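Engineer: Here is how the chains run, residue by residue.
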Amino acid sequence: MPEIDENRPLPLREVEQLVELVRESGVGEIRVRQGETEISVKARPEVPATPFGNQVASGTQVVPEGVESEPSPEMDGLHAVRSPVVGTFYRAPAPGEDAYVEVGDTVSAGQPLCIVEAMKLMNEIVADVSGEVVEVLAENAGGVEYDQPLFYLRPDEQ
Amino acid sequence: MIGKVLVANRGEIALRIIRACRELGVRSVAVYSTADRDSLHHELADESVCIGPPPAASSYLNVPAIISAAELTGADAVHPGYGFLAENARFAEICERVGLRFVGPASGTIARMGDKAEARGAAAEAGVPVTPGSEGSCESVDEVKRVGAEVGYPLVIKASAGGGGKGMRVVETEAEIDAAYLGASREAGANFGDGSVYVEKYLERLRHVEVQVLADSYGETVTFPERDCSVQRRYQKLIEESPAPDLPEDVREGLMAASAELVGSLDYEGAGTVEFVYADGEFYFIEMNTRLQVEHPVTEMISGVDIVAEQLKVVSGERLVVPKDALSPDGHAIEFRINAEDPLRNFLPQAGLVEVYNPPGGPGVRVDSHLYAGYRVPPYYDSLLAKLIVHARDREASIRRGLRALDEFAVSGMETTLPLHLAVLEDEEFRRGGVTTRFLADRELESEGGLLRLTRT
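Top line first, the protein sequences correspond to chains P and E. According to this note's numbering, the first sequence is numbered sequentially starting from 106. According to this note's numbering, the second sequence is numbered sequentially starting from 30.
Just so you know, these hints were derived from the structure itself, not from any lab. Being a predicted model, the structure only gives us computed values, none of them experimental. Beta carbons are placed, not taken as given, at the ideal position from N, Cα and C, and that holds for glycine. Keep in mind that the hints are not guaranteed to be accurate.
Said to hold, decoys possible - Label pairs and their in silico Cβ distance ranges:
1) E:GLU122 to P:ALA214: 39 to 45 Å
2) P:LYS225 to E:GLU455: 57 to 63 Å
3) P:VAL239 to E:ARG119: 38 to 44 Å
To be verified - Derived contacts from chain P toward chain E, CB cut-off under 7 Å, selection only:
4) VAL191
5) GLU202
6) ALA223
7) MET224
8) ALA246
9) GLY248
10) TYR251
11) ASP252
Build out the structure end to end from the sequences listed, making use of the hints.
Structural biologist: As structure tokens, then:
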């Protein structure tokens, strides 16, 4: 929606041109300022991910609700290590053994963090950056889906 | 009854299966790629699992991911829908091995009917008429020439593992065989990983008719009145109707009996479709699809049978209970495939944001679709957006209903095949009924005052 200075006549021609420009260029937003008038034209906002709100309550997700829609830790400079496969998440190399990593450990890139078992195949998931383990996001021996965040790491300062 | 079904598909067919599960009180598990996070099948299923990135090979065709998702969610059965893994014998075999019930026939049956040359053999063995041609696949150019001398020209060379017109060549004279054999074989190898081909007499003015079948594990087989799917573009069906217009009653009975014979000889279980060509009063077997088909709703409308629900009952070990009157057509039904393709630009696939979505309603109208306003059509999968099915007391009334419903159907944000369907319904020859598979190829599409029109070339 355009935001326009109230005291001036509406510069509808310009708005029209901007709308056309946004549509043609495919960019998300164009903002123009001239004197005290600022016009901002945004492309139609993304539709909410849940078209049927009531369905969410009845659906149980394998992933805990809200994991994907919580961008804040990543905005804090944290790095998410995500599962490359669908499978069962194990924090230790074998039952009864110590976990690969604990919160607070420092890991280097390439170091194993966990196992995701898929069809009897043990997939070792390694850290793709060096840093500190801040949070373990999946539950031991629980299911994880493709692209699900497993750990938050705080990458080392370069 | 089974307790939980994993739906190994996306789009409208995943929704169709989830809906059947809900009505039967069966829990459903959706699988989806990262491109389908905002998809309705992901929203409407009881549970859902993300199985991979957008490309189908890494998600909807990713067998380990799908089997793992079934194990994690404790599903008892897998419904493959159509396309993707639906006719993949290896996938069905893996399901069998890990104790998941595959909604469909046994893997051995899928493999056997998946080989088109072998399927021809099975049909001939069951006493079903097959197009004159080679027995099994043709190993050499000389074999093709021998068949040509026997059954006459034109011939068509087809890929044994094929479908959809790939690995297919029509030859008018013997001189053309060498090049066509090589081309078909190479194309078959590239597309299906199997270069073997077989040969049939090429029938030019033919109709495509097919028979829906259902079979349970107790040897009971039901065959439904035929569907006519002759309106095609490059071997892709666009409009399907049932019953086939102007089909003599004895031909209908013959088609249904032949299909029952073939299916009975296969130890078949679940839903399937036996496809035939029909020309000059004769019908010939072409292939059998061992899965649910896109156009199954046409049969559902004229029979009142929920084919997907029957599939789920059969896989649960229940007996088929289909009332006798479901086997003679009640009225007439037509299905239109609304694809995200631009009819005026060589059916260029479209992707993008659906701005407005307003499907038609009213009596005798059914829409199977995964669209909603604000949905973004991803560019990775097939272009089917919606299936519009209309049902009325006879063909004329269902054509009028189709015109009304197509006119009401509003989708904006991309070009679709909606205007093409309107043009087909206005075509005189289509209205008379009984068009051949050349129908669209023999016509040109013209734009006239915002509407499309078909003119004979």
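Engineer: Tell me if the interface restraint on GLY248 (chain P) is satisfied: Cβ within less than 7 Å of some Cβ in chain E.
Structural biologist: 4 Å, holds
Engineer: Per the CB criterion, is ASP252 (chain P) less than 7 Å away from chain E?
Structural biologist: 6 Å, holds
Engineer: Have a go at the TYR251 (chain P) hint: is there a Cβ in chain E nearer than 7 Å to its own Cβ?
Structural biologist: Holds, about 5 Å.
Engineer: Is the hinted range of 38 to 44 Å satisfied by the C-beta distance from VAL239 (chain P) to ARG119 (chain E)?
Structural biologist: 42 Å, holds
Engineer: Quick check on the hint: GLU202 (chain P) CB to chain E CB, less than 7 Å?
Structural biologist: 23 Å, violated
Engineer: With 7 Å as the cut and Cβ atoms as the points, is MET224 (chain P) at the interface with chain E?
Structural biologist: Constraint on MET224 (chain P) satisfied, holds at 5 Å.
Engineer: Do the numbers back the hint for VAL191 (chain P), that is, is its least Cβ distance to chain E under 7 Å?
Structural biologist: 4 Å, holds
Engineer: Confirm or reject the claim that GLU122 (chain E) and ALA214 (chain P) have a C-beta distance inside 39 to 45 Å.
Structural biologist: 40 Å, holds
Engineer: Is the distance from the Cβ of LYS225 (chain P) to the Cβ of GLU455 (chain E) consistent with 57 to 63 Å?
Structural biologist: For LYS225 (chain P) and GLU455 (chain E) the Cβ distance comes to about 59 Å; the hint holds.
Engineer: So, as I understand it, the hint says ALA246 (chain P) touches chain E; can you test that by seeing if any CB pair is closer than 7 Å?
Structural biologist: With Cβ-Cβ at 11 Å, over 7 Å, it is violated.
Engineer: Please check whether ALA223 (chain P) passes as an interface residue: C-beta within 7 Å of a C-beta belonging to chain E.
Structural biologist: 4 Å, holds
Going through the hint list in order, the structure does not satisfy hints 5 and 8.
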